[in-house]
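Student: Given next are the chains, with one letter for each unit.
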Amino acid sequence: MEQLNGHQGENESLDTEDEDEAVQPPLKQSRSKNDICNNFRVDSCGKTEATSTTTGGGSVIDERRTSNSTCRQRLDSLRKNRPPFPWFGMDIGGTLVKLVYFEPKDITAEEEQEEVENLKSIRRYLTSNTAYGKTGIRDVHLELKDLTLCGRTGNLHFIRFPTQDLPAFLQMARNKHFSSLHTTLCATGGGAYKFESDFRQMADLQLLKLDELDCLISGVLYIDSAVSSPSECYYYENPTDPEHCVQKPFTLENPYPLLLVNIGSGVSILAVYSKNNYKRVTGTSLGGGTFLGLCCLLTGCSSFEEALQMASQGESTRVDKLVRDIYGGDYERFGLPGWAVASSFGNMMCKEKRESISKEDLARATLVSITNNIGSITRMVALNENIERVVFVGNFLRVNTLSMKLLSYAMDYWSHGQLKALFLRHEGYFGAVGALLELLNPS
Amino acid sequence: MTRLSRGTRPMFTSKMAAECQRVDRSSHSMDKSITLPADEIFRNLENAKRFAIDIGGSLTKLAYYSTVQHKVAKVRSFDHTAKETEGEPLYEISMQEEVTARLHFIKFENAYIETCLDFIKDHLVNTETKVIKATGGGAHKFKDLIEKKLKLRVDKEDEMTCLIKGCNFVLRNIPHEAFVYVKHADSEFRFQNTHPDIFPYLLINIGSGVSIVKVESEDKFERVGGSSIGGGTFWGLGALLTKTKRFDELLQLASKGQHTSVDMLVKDIYGGSYGSLGLTGDLIASSFGKSATADNEFSKEDMAKSLLHMISNDIGQLACLYARLHNLTRVYFGGFFIRGHPVTMHTITYSINFFTKGEVQALFLRHEGYLGTIGAFLKGAEEDTPPMLPHSLGTTALSHPRFDPNQYSWGENYAGSSGLMSVSPDLNPMQRTRSGTFDMLEMDRLERQLVNLPLLQDPSSYIPDTVDLSEDALAREYWLYCFEEALDGVVKRAVASQPDLPEAAERAEKFRHKYRHKLQTLRQQPFAYGSLTVRSLLDTREHCLNEFNFPDPYSKIKQRENDIALKYFQKAIKSLEELSWEQRQFALVRGLLAGNVFDWGAKAVSDVLESDPEFGFEQAKRQLEERPWLVDAYDQWLERLKGPPHKCALFFVDNSGIDIILGVFPFIRELLCRGTEVVLASNSSPALNDVTNSELQILTQRIAAMDLVIQSAVKEDRLTLVQSGSSSPCLDLSRLDKELAGVVRERHTDLVVIEGMGRAIHTNYYAMLSCESLKMAVIKNSWLADRLGGKLFSVVFKYEVPPSHKTTTQDHVPGTPS
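If you read the protein sequences in the order shown, they are chains H and Z.
Everything in the first sequence is counted per the working numbering, starting at 1 for the first residue and increasing by one.
Everything in the second sequence is counted per the working numbering, starting at 1001 for the first residue and increasing by one.
So here's chain H without its partners, still in its complex pose (with noise of 0.2 Å):
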């Protein structure tokens, strides 16, 4: 492995001089040939739009210009200066897809009317439904109701589906005829441009592809300010003490400087100083993908919530190595507590050790361990960048208190306070929301 630029000189853009466009994943400039023009959706003004914009978001230029104007949209929407329905936004991350649905509730007769049927029974599948398939999940207790969004007030719905049933998710779209709705789909997450072809190919539908860390950023950004009660941002009082640790709602107004740690099946650390100014600082390959994997092998788990079920009924101190296992007591000469971990997975170096613990103690030191070090390396990023505020987010924190009580532990202990852990209701949909965004107001 070496750290190469990503410039795939063979699929560059010929027809832009655009800077961004050169280290853009590769774009699929054949599509014009082999696409009959038929999806594609035109710009609100009426026309193709050629303005560029900075937000790294290259191909979004790219796709609009690409747009063929001959294709049919109704008019409601282009007098409301908005896309036509249905709404997505969607993340295709290595593990989860992350849909979020905007579900009128304003239809007018008229609007009623005019509606497809296709359009309607897509609404209606994913409304009246929680569980869709074997493996997708409508979050219920996140969705968001009344919300106003581009003059159109409705609810915003959260699903989720593991990405390996991406075949089905677009078998299905495929059935339902969800190409024949003219709509675009925003997608951001690498699957985004890992499946760009599937979804042409196989149901027939053209990806809007956005960039993942736009995409999270305008989300959180959104929500946050869209969403009041219950409050989108909270934390944990008092950390250290178990007995009084409780949830507290936070108020996110003035965020920057920020440190966004997004843990999905990997680690993304951003340092955000403005809506459009942020950095991905580093990453780690150790994140919620890591959990699973490890759990999987060392249990025989095989979801997310079993490890996570097992994790909270082990006892990790039987697998680590605590300070205390080998010093008797504190390290004080470096300051250094007995309880805590001085070798994650420590005591498996010894083969009796291994006799005497359980697949839940296993899981327990696995979410442990990967937390711990997601802490430990933000709180060093947080030093080094020098942002004393750090928001949480991802699906690995999804029904996952134990982590986040670990970390806001960790940010508060090693820190001596200095530093707040903050987590998001949706922890793992920003992205999503944010691709929807995109939809409704390309930047």
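By construction, these hints were calculated from the structure, which means they are not laboratory data.
Careful: at least some of the hints might be erroneous.
[Stated by the list, open to error] Within a straight-line C-alpha distance of at most 25 Å, the following computed SDA-like cross-link-like pairs (lysine to any residue) qualify:
hint, chain 1, residue 1, chain 2, residue 2
1, H, Lys353, Z, Glu1249
2, H, Lys353, Z, Glu1484
3, Z, Lys1214, H, Leu383
Position chain Z relative to chain H; hints supplied.
Tutor: Using the frame of chain H, we list chain Z on its own:
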């Protein structure tokens, strides 16, 4: 590496070693049947004084201070107040016993502790020692055993403090201690120059967990952070995942695996690279990410590899974050996770490069495994009252109320140290487990404290050696062959130097065996003692000769040559004085070069000299190459001489006999006449036929007696003799006697003359000085001459003026290097 024989079964092959090992692991009683080759491992135990022990998870490291008694050649001037008697040598040589201090460090598997303690108990004569300093995780486990066996009180010392102390000690005293690991390079190890100031640095100790320590000075260090994901995580988690128990086996598995089947890569998510962030497709996005979704089985090798990457990358990332936070660029890695394992050195190096984009280099240490025990030993030494030091060197030691090893300079003894073992991953894995091998490090206390020559232009980038043989395979091949070829002659001369000692022949054979073994080791592992150089080969030979009590095989030859040359001195001066100024300047340089032909160290010359003892000075001059020389800056030098005299010249002299007496003395005599003060720097102890400081004292006296210029210069302190602090035929300007440095500074030295192949070609050819310098030598080796584009007896005359001086002497363009 010394291999122990177990019981009656000697371990000759690695396969047998593997079998023995398996037997050993199953039955503990086997360990007791080990017979230790006593004198080869726990050497000088009878005088051992201060013990320290570091017991780790699998290896024990023992340290002790001892004294070594060995022969030294002393010269003493006869009383020459009366008229010189014909045929009488001008000084006498006598062999004396001298006692010097030596530190012994021995590393062995924990399984041998009991046997070793028994052995120590049986051989420990000294009863003054009451305490043994102990450190390491296993120290408490063996506390009772040690106290029972040795009757010494176990005094536990903080592990990290010992580690840092040890680290400071090796960085300061062992040149080429630190190296960078380059997996696919011709030589995997790139040794680093010892920076004059070793602080500040970051030490990342990867044991079962990770400790990150910032070291700012000898006594100031701080554990700035750490991580629980370390060697124990690799071992523990690896054992769970692969059902493989041993750490080494896990590493072996990892080196054969493919992590891409287990890890989720950027391209698994993106289909390619994540271009806008510069993340390539091959980067790991999520360690073990594929094992979460795929149902297939994963191979042990692949999982081990993935785990290794995960842990190495994580540690590397944290190390970089800490390095950046504390603004440090020197980052050393140690701990059992690293210890000589090429696999982990490579992954850590890779990770550091990735995360710092090459700004920080991962550094490793040759004696990393010894740091704890060295530190524990030093801790004990600091606390002790001065030990009963032998009188021969008691004066310096007793002047300090406490015996602090840090007040001395120490040197790695190449004869007694095992050197870095081969870590080629292609080697038989069982060979790498080191079972049954005892690794040793011996360090001699140097009589003088060594420092940089103050005139080095940039001490931190100074590299003494001209060619790094570890990186130049062709040159290495030649020189190893050359030294092996010369071995017979060295043995012969060693025997001849001690005609009165009947067992000399036997000792000489032992020397032959030892040095040949060293050469063989170096052929296999050129990196064993740092970068392999002609200097290190020469020094190793000197160490081996000393080891077997041949302190000065050339003493008699030197004596004879000095006698002969002295007789010609006045005649030589007279004929020089008859020349015109300009003719004389050339004759002086030519004489110096001709004198330098007389070098017994060079094979070509020793052949001629042995077959034709009448080979004289005049003949030598005829042998010299005619101008223009191979490197010829004589015209510039002559121009310079027309200018104002130098304030003070420092002259590093080379051979005895004709070289020093008929070459150097007339040359410096001219300098003295010009009004330049002269400092003659000669070796502190013998090396080949190089003139030693004590010999030079006598010679100078004798010359002063017959030459007024020299006489008044000595009297008026315009001619000074200093020791270089070295006992090598080569010259390391970063390790010179502190006194020399003082004299150089006091006298405002503005000219440095370096003479001879060892000092001016093999070393220092590219050395940049902050004052004018002359480097002169006759190439007496046809292979080297060939390399430099010349032929046998080609002349190098390099005159250099540092850039800053050019404004004042702008006409004098320095000689251009070939």
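Student: Hint by hint, note whether the structure agrees.
Tutor: Hints, verified against the model:
1. H:Lys353 x Z:Glu1249: holds, 20 Å
2. H:Lys353 x Z:Glu1484: Given pair Lys353 (chain H), Glu1484 (chain Z) is violated - Cα atoms ~54 Å apart, limit 25 Å.
3. Z:Lys1214 x H:Leu383: holds, 16 Å
In summary, the structure is inconsistent with hint 2 from the numbered list given earlier, while agreeing with all the others.
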